[in-house]
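J.: Below are the chains, spelled out letter by letter.
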Amino acid sequence: MDAVVSLAGVTKAFGRIRAVAGVTLSIAEGEFVTLLGPSGCGKTTTLRLISGFETADAGDIFIAGRRVNDVPPYRRDVNTVFQSYALFPHLSVAENVGYGLSVKGVARAAIRGKVAEFLARVGLTDKAKAMPRQLSGGQMQRVALARALINEPKVLLLDEPLSALDAKLRQSMQIELKHMQRNLGIAFIYVTHDQEEAMVLSDRIAVMNEGRIVQLGTPEDIFERPGDVFVAAFVGDNNFVPGTVARIDGSTVEIVDFGGTVWKAPLTRPVAVGRPVVLALRPQAISLDAGSDSNGRGHRVAATFRETIYVGTTVRITVALPGGHLVEVQGAPAGFRIDYRALRPGDPVAVGYPTEAALVFDRP
Amino acid sequence: MTRRADTSVVLRRWRGPVLVFGPPFLFVLAFLVYPYLTVFENSFYRVADYVVVRDFNFDNFERAIGGELYRRVLYVSARIGVIVTLITLPLAYLLAYYAAFVARRWRHLLYFLVVTPLWTSFLLRVYVWKLILGRTGLVNNVLTSTGAVDEPLSFLIYNQFSVCLTLVYILLPFFFLPIYTSLEKIDPAYLEASADLGAPPLRTLIRVIVPLSMPGVITGAIFTFCLSFGDFVAPALVGGPGGLMVSNVIISQFGAAFDWPFGSALAVLVLIIVLAVIALGSLAEKKSAGAVA
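Residue numbers (the working numbering), protein chains in the order written: chain H, 1160 to 1523; chain A, 36 to 328.
Hint data in this document are derived by calculation from the structure and do not stem from the laboratory. Keep in mind it's a predicted model, so treat the numbers as computed, not measured. C-beta: ideal position from N, C-alpha, C; glycine also. Don't take every hint at face value.
[To be verified] Some, not all, of what chain A presents toward chain H, calculated at C-beta under 7 angstroms:
no., residue
1, 223
2, 225
3, 231
4, 232
5, 234
6, 324
In isolation and in its complexed conformation, chain H is listed as follows (with noise of 0.2 angstroms):
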């Protein structure tokens, strides 16, 4: 059995609320996995479920191999690093790092060298006797996952953890989490609602929703191959047409909107002419020409020019279908074909996309 952790149909419940339902899951060994979804899908208890702090209603938990339903948080070889960090506030940084250690019973002269190992590792030396109220979020980040790391865990489980800190920090600790973890060779699990630092991170990302685990693939498979609607809708922008198949053409899906467009996508997966699908097409995807422009490649659909949005690396323009549906296209400011900045609403655009570019759904 190689899996570190797995989860084999957990299902657990709070009072009638089903928060895991189902949730079937291996982790090997010096694997990233992220688990990601909206808060309430259940990630967080997941989590809670492989650290201990709640019990399974139904299914197995095996940490390395060994079932551990029933083995209290404090023998499970697992170790957490907190979404409040939860450092002890009556120890010092050193304390709190050699914690662990410490109640096992480890000899003092060795837990002082691995302190000292484990705080040059998140680059705190100098911090050591300091106290966690005066130390800043980032700081209090790095103590906790050296604490957490220290006790050199099969298994590191992280629960939000970078959700305090400003945007600037995240990026840096990301890249540093993802390094330590490549360095130490040890499994993380971790759990996000973001779905850029899922992507940035993991190996794999087990997409939640509902308690349920809804996808499970590379950052590549959920981003380019979501499996339904809300993956597709989670992770990254997408766009999104409601309509009806009307033609298959060999290769070829042809959908027809409410308001009489006609789209072209790949035939991925069978699907009947006059079923109910949704045609998703990401913002990145689509190119806009002027409305008498015929030289596009893929497909092009007429729209009408409605808004352009200035993001700086990227500019955002929302276009109207005849239908009045809206279609928002994302670019670079040098990227677009034609001259944004002339556009005036309700100016003809045509909107074309690379047909392998789109997907499509059932309706749900």
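Knowing the structure of chain H, use the given hints to seat chain A on it.
T.: Here is chain A on its own, set in the frame of chain H:
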């Protein structure tokens, strides 16, 4: 002209604070500071022919500290204070721990049950122990009627044991409340972090919960010690001659003995001891709270 304007500005600025803080300030002055000053003043006088003579001297203090009898009463009172504090501490801690971490749905009911006795008369609650421990009291009735003993046990009441027992019962809520408050404030994440790092529950109690609740323990210990050290109802009702405490002696000096100056000197000594304990306690509390905050 300008003078009048100034006065009215000053009046307007101070009217609010004076109206708000004036009455309580006067109250404290009249009913706390003045009586203490009087006691302090009297402790340096002497009595001749049942009249207080304003003749400055230190005889009262010499008699209180030098006299075997009074030194012993002070010692016995302090010892009872310490014993009561030490016995109440684990009881109050366990109860507070249970209420804060174990009781869950019952915690409010439990809290209510612990605090409710404070609403009934102090005197009544002490008197009840007379009915329980007395010669014809509950305990002796049960023991004699079941034949466990032939004669009512006499060591149950009118000694230091019965005083301690009664004071433990009376003061338990005063010790419980500050501990409970400090336990309730502990973020459960600390307990989870401790367990996560491999500490079994008892380890977590010793290494995390107890240090974080130290401010409450110290506050409770100060309350309990000071209240039992200076108590006079319990020793008066269930103490007997052996369980006499310093407050009883002070009262008798002001009453039967009619030696206000000597009573005042004893009261000043008690005050000094209590203030010293409070000062030490606050110092320790500040230290532990500094580590906790």
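J.: Give a verdict on every hint.
T.: Comparing the hints with the structure gives:
1. 223: violated (9 angstroms)
2. 225: Holds, about 6 angstroms.
3. 231: This hint holds: residue 231 of chain A lies near chain H, its Cβ roughly 5 angstroms from the closest one there, short of 7 angstroms.
4. 232: At 4 angstroms from the nearest chain H Cβ, residue 232 of chain A passes the 7 angstroms test, so the hint holds.
5. 234: holds (4 angstroms)
6. 324: violated (10 angstroms)
Checked against the numbered hints given earlier, the structure breaks hints 1 and 6 and satisfies all the rest.
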